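A.B. asks: In order, the protein sequences belong to chains H and V.
If you're matching positions, the first sequence starts at 28 in the working numbering and goes up one per residue.
If you're matching positions, the second sequence starts at 15 in the working numbering and goes up one per residue.
Heads up, some of the hints might be wrong.
To be verified - In the DSBU-like style, the derived pairs of lysine-lysine whose C-alpha atoms are separated by at most 35 Å in a straight line are:
1. V:K435 - H:K184
2. H:K261 - V:K436
3. H:K261 - H:K131
4. V:K87 - V:K192
5. V:K435 - H:K131
6. V:K87 - H:K261
7. V:K436 - H:K184
8. H:K131 - V:K436
Said to hold, decoys possible - Covered by chain V, per the in silico footprint, the following chain H stretches (three or more residues, Cβ under 8 Å):
9. 35-48
10. 124-133
Everything labelled a hint here was simulated from the structure, so no lab data went into it.
Given the structure is predicted, the values throughout are model-derived calculations rather than measurements.
Heads up, the beta-carbon is just placed ideally off N, CA and C, and yes, glycines get one too.
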Amino acid sequence: VGRLVAFAALLLIVQIILSFWLEASFPELSALDRHLAARVDVIYFGDSVLHYHARGDRTRRGIPELLQELSPAYTVGSVDHPAYHFGLYRRFCEYIRRIGAAPKIIVIPITIRSFSAAWLRRPEYQFPTESIILGYRTQHFESRMMRAFLQPLLVFKAFDMRPEAAFVERAPMNAGNGPLDDGADVPHKRPEDISDDDIMRWLRGAYMYSLTGAHPRIQDMLDIMRAFRGTRSKLFFYLTPIDHETGTQLVGEAFSQRVRENVGLILRLSAAHDVPLSDLTFSLGADAFGWRGDGKVPDEHLAESGRRYVATRLQQSLRSLLRD
Amino acid sequence: VLFNSVSFLLYFPVVTLFYFLLPHTHQWALLLAASCLFYMAFIPAYILILAFTIVIDYVAAILIANATGTARKTFLGTSILSNLGVLFVFKYFNFFNTNLAAAAEFLGWKYPIHALEIVLPIGLSFHTFQAMSYTIEVYRGRQQPENHFGIFALYVMFYPQLVAGPIERPQNLLPQFKEPHNFHPLEASAGLQRMLWGMFKKVVIADNLAVLVNRVYANPQEHVGFPLLLATLAFTFQVYCDFSGYSDIAIGSARVMGFRLRENFDRPYFSPSLGELWRRWHISLSSWFRDYLYIPLGGSRVSRPRRCLNLCVVFVVCGLWHGANWTYIVWGGLHGLYLATSVATARLRAELIGALGLPTYSASRTASIAHDALCTAVTFGFFAFSLVIFRANSLSDAMFILTHMSFSGGITYAGYWVGWKKALAVGFLAASLVAVSEVIRKNRPLRDALLEQPLFVRWPAYAAAAWLMMNYGATDEIPFIYFQF
Numbered sequence: 028v029g030r031l032v033a034f035a036a037l038l039l040i041v042q043i044i045l046s047f048w049l050e051a052s053f054p055e056l057s058a059l060d061r062h063l064a065a066r067v068d069v070i071y072f073g074d075s076v077l078h079y080h081a082r083g084d085r086t087r088r089g090i091p092e093l094l095q096e097l098s099p100a101y102t103v104g105s106v107d108h109p110a111y112h113f114g115l116y117r118r119f120c121e122y123i124r125r126i127g128a129a130p131k132i133i134v135i136p137i138t139i140r141s142f143s144a145a146w147l148r149r150p151e152y153q154f155p156t157e158s159i160i161l162g163y164r165t166q167h168f169e170s171r172m173m174r175a176f177l178q179p180l181l182v183f184k185a186f187d188m189r190p191e192a193a194f195v196e197r198a199p200m201n202a203g204n205g206p207l208d209d210g211a212d213v214p215h216k217r218p219e220d221i222s223d224d225d226i227m228r229w230l231r232g233a234y235m236y237s238l239t240g241a242h243p244r245i246q247d248m249l250d251i252m253r254a255f256r257g258t259r260s261k262l263f264f265y266l267t268p269i270d271h272e273t274g275t276q277l278v279g280e281a282f283s284q285r286v287r288e289n290v291g292l293i294l295r296l297s298a299a300h301d302v303p304l305s306d307l308t309f310s311l312g313a314d315a316f317g318w319r320g321d322g323k324v325p326d327e328h329l330a331e332s333g334r335r336y337v338a339t340r341l342q343q344s345l346r347s348l349l350r351d
Numbered sequence: 015v016l017f018n019s020v021s022f023l024l025y026f027p028v029v030t031l032f033y034f035l036l037p038h039t040h041q042w043a044l045l046l047a048a049s050c051l052f053y054m055a056f057i058p059a060y061i062l063i064l065a066f067t068i069v070i071d072y073v074a075a076i077l078i079a080n081a082t083g084t085a086r087k088t089f090l091g092t093s094i095l096s097n098l099g100v101l102f103v104f105k106y107f108n109f110f111n112t113n114l115a116a117a118a119e120f121l122g123w124k125y126p127i128h129a130l131e132i133v134l135p136i137g138l139s140f141h142t143f144q145a146m147s148y149t150i151e152v153y154r155g156r157q158q159p160e161n162h163f164g165i166f167a168l169y170v171m172f173y174p175q176l177v178a179g180p181i182e183r184p185q186n187l188l189p190q191f192k193e194p195h196n197f198h199p200l201e202a203s204a205g206l207q208r209m210l211w212g213m214f215k216k217v218v219i220a221d222n223l224a225v226l227v228n229r230v231y232a233n234p235q236e237h238v239g240f241p242l243l244l245a246t247l248a249f250t251f252q253v254y255c256d257f258s259g260y261s262d263i264a265i266g267s268a269r270v271m272g273f274r275l276r277e278n279f280d281r282p283y284f285s286p287s288l289g290e291l292w293r294r295w296h297i298s299l300s301s302w303f304r305d306y307l308y309i310p311l312g313g314s315r316v317s318r319p320r321r322c323l324n325l326c327v328v329f330v331v332c333g334l335w336h337g338a339n340w341t342y343i344v345w346g347g348l349h350g351l352y353l354a355t356s357v358a359t360a361r362l363r364a365e366l367i368g369a370l371g372l373p374t375y376s377a378s379r380t381a382s383i384a385h386d387a388l389c390t391a392v393t394f395g396f397f398a399f400s401l402v403i404f405r406a407n408s409l410s411d412a413m414f415i416l417t418h419m420s421f422s423g424g425i426t427y428a429g430y431w432v433g434w435k436k437a438l439a440v441g442f443l444a445a446s447l448v449a450v451s452e453v454i455r456k457n458r459p460l461r462d463a464l465l466e467q468p469l470f471v472r473w474p475a476y477a478a479a480a481w482l483m484m485n486y487g488a489t490d491e492i493p494f495i496y497f498q499f
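I would like the entire structure built from these sequences, with the hints used as guidance.
C.D. replies: Right, here's the structure in full:
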């Protein structure tokens, strides 16, 4: 027993000492910490659209790198991960506020599909560990003991990380005239077996819900806007381009109409909070997207021309913002 | 119910402490209560299923022992049917019902039976098989019926091995509940070391590799080429480390309290043949099937075609034991077919080797090493290949993976590996460590080798394993794979 206690004490000491260098973290948080320490001008959050590259692209550089090329006058640091959404962005923003960092601009792309039921309900899109770490870092940043033992506590399941059912259920998800189809998520078929009907069902589920202010992700967006009101950091949102040509071709005019209604809500909310927002939703044709080469269904992943377009539009918007 | 949880790390020492504080006459009661509580952490009402099995088998064994002639068979049959009935209702009913409904639809018939809306009790197949082995052993006259109901109930639901084995035999476990167990530092130390090793395999290797495996196998059609191959290789290590890790924790935690459970794995991936692999993989299950199904069917003392048929039957049943899905049945059938083919062609292969003048196994040391290495690689390759079917959600998914995996390609965008890289690196590096340790130890447990080392080697080794676990373990909640069986 004495040896066991001695061993436990040894482990405890090692853990506390090493936690000065190692603590519960994840690559995106480490990237954010690096950017903030380097005092980059623009923190650019995002999902997989930022660093996707399509087959046949001449460059594999993502939008943040292309933006940096176009804008040598200021520094850009990206913090992105596939399927990130406003829930995560809110936690990152709270963390930035908590530690008193003040990047000149925080860019947040809004992928309109991230409000869909599929995005909201997919288990791998919940990011429970990341949410706990960010929440802890926001609330107990100085606590050395918590820093030392957060990771072991996460490993040994000390936190309930199951998605909150009530949160998912209260998301008002319907297709206007009724609940969404079951096939709203990516069809689990081989790419060659996916029919136009499958894609239509996917498009309806992914984009044709009826978005309201009660949606939890909209609430997250509002929280971010409130958090940065009157601070030195400016927020900048933009709506990620979608393949509206394919959508309209397969579903009809109703597709664009519904998307416009959903986009309209976001535009109104950002205008009400004086947050600049660039609407790129309908700005690109079908050729600018990469899904036909390696995807299964239309999504927002951009080919090189699309990435360059977004980087250019961003550069123009940020230039005027920085000038202000 | 998770071993790698704070709840268990608190539960286990508390139970163990009280276990040693109590007099021997009351220790069984504490263990039984602790086992009930442990099981009820899942779905409390399911304790009634266990109670049903326990009562039936307790009574059946006493009746078998006191009966003569056909009555013995009747009591045994009743016990087995009851056990299998519970298994069928909770595990297989919906599978058979769905397939019958599909067949009826195909034939244009009406099919009125609806699916049952039930959750599969964890570890159902394990404790059912353990209970069945008791009544069969009593029937065979190798085991006296247990008159103490509490001790028998504890035999079925001893919490370290309740939900995923090792599947114990009454001759080994029952007498241990009657022996006094005092705290023994060396036993406790050995048990804790074993638990640490098991947790390391589960938390650092299996759970880290699961990050990739789960994502790829959830929707394989979203991946092509190399990721499919890598995920399959990762699953080969994941399933071994997950299950052998669980067994290590079960054996270790029982040992802390003074119990010796059966070994469940013996370096299976270094087996030179599939038959050998099955003697070293999930030993408590494969020996169960050998003793209670393969040998009663005639074993190897029957004609060669009959033996081949027996092998196929046993492995199809073994596949079905794992789960109610065609993937498990095909997986089992494939193993049976492989073994049957090797039995059927044994003579032909020996003649062919002679005719071609190839060096035989015993020709020289080099030839035997080369032969062993080649056989081991082929066996491992086959096993890994078969695990695609085992892990896939459906046969069509399995076919997709098998036909689309390759050594290159499939990385569709730059951020593809984001979120996987660290987990994969840690998982594969640690798996290599386990592989190396298994090569080194050969027939000698790693712990014995480590015990011979001085304190300044042993403690840093233990501390490193614990530290890696605490800081590089996966944080996702990934249940033990075999819990679902």
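A.B. asks: Hint check: K87 of chain V vs K261 of chain H, CA-CA at most 35 Å. Holds or violated?
C.D. replies: violated (82 Å)
A.B. asks: Taking only the CA atoms, is the gap from K436 of chain V to K184 of chain H under or equal to 35 Å?
C.D. replies: holds (19 Å)
A.B. asks: Taken at face value, is the distance from the CA of K192 of chain V to the CA of K87 of chain V at most 35 Å?
C.D. replies: holds (29 Å)
A.B. asks: Starting from K435 of chain V, check that the Cα of K131 of chain H is at most 35 Å away, please.
C.D. replies: holds (31 Å)
A.B. asks: For the stretch 35-48 of chain H, does the count of residues with a C-beta closer than 8 Å to a C-beta of chain V reach 3?
C.D. replies: Holds, because 5 residues of the stretch 35-48 of chain H bring their Cβ atoms closer than 8 Å to Cβ atoms of chain V.
A.B. asks: Below or equal to 35 Å on CA atoms is what counts here, so check K131 of chain H against K436 of chain V.
C.D. replies: Answer holds: K131 of chain H to K436 of chain V is near 31 Å, not above 35 Å.
A.B. asks: Mind checking, does the stretch 124-133 of chain H have 3 or more residues with a CB under 8 Å from chain V?
C.D. replies: Violated: only 0 residues of the stretch 124-133 of chain H have a Cβ under 8 Å from chain V.
A.B. asks: If you draw a straight line from the CA of K261 of chain H to the CA of K131 of chain H, is it 35 Å or shorter?
C.D. replies: holds (6 Å)
A.B. asks: Mind checking the alpha carbons of K435 of chain V and K184 of chain H for me, to see if they're no more than 35 Å apart?
C.D. replies: holds (22 Å)
A.B. asks: Check the hint pairing K261 of chain H with K436 of chain V against an upper bound of 35 Å on the C-alpha distance.
C.D. replies: holds (33 Å)
Hint compliance for this structure: hints 6 and 10 are not met, and every other hint is.
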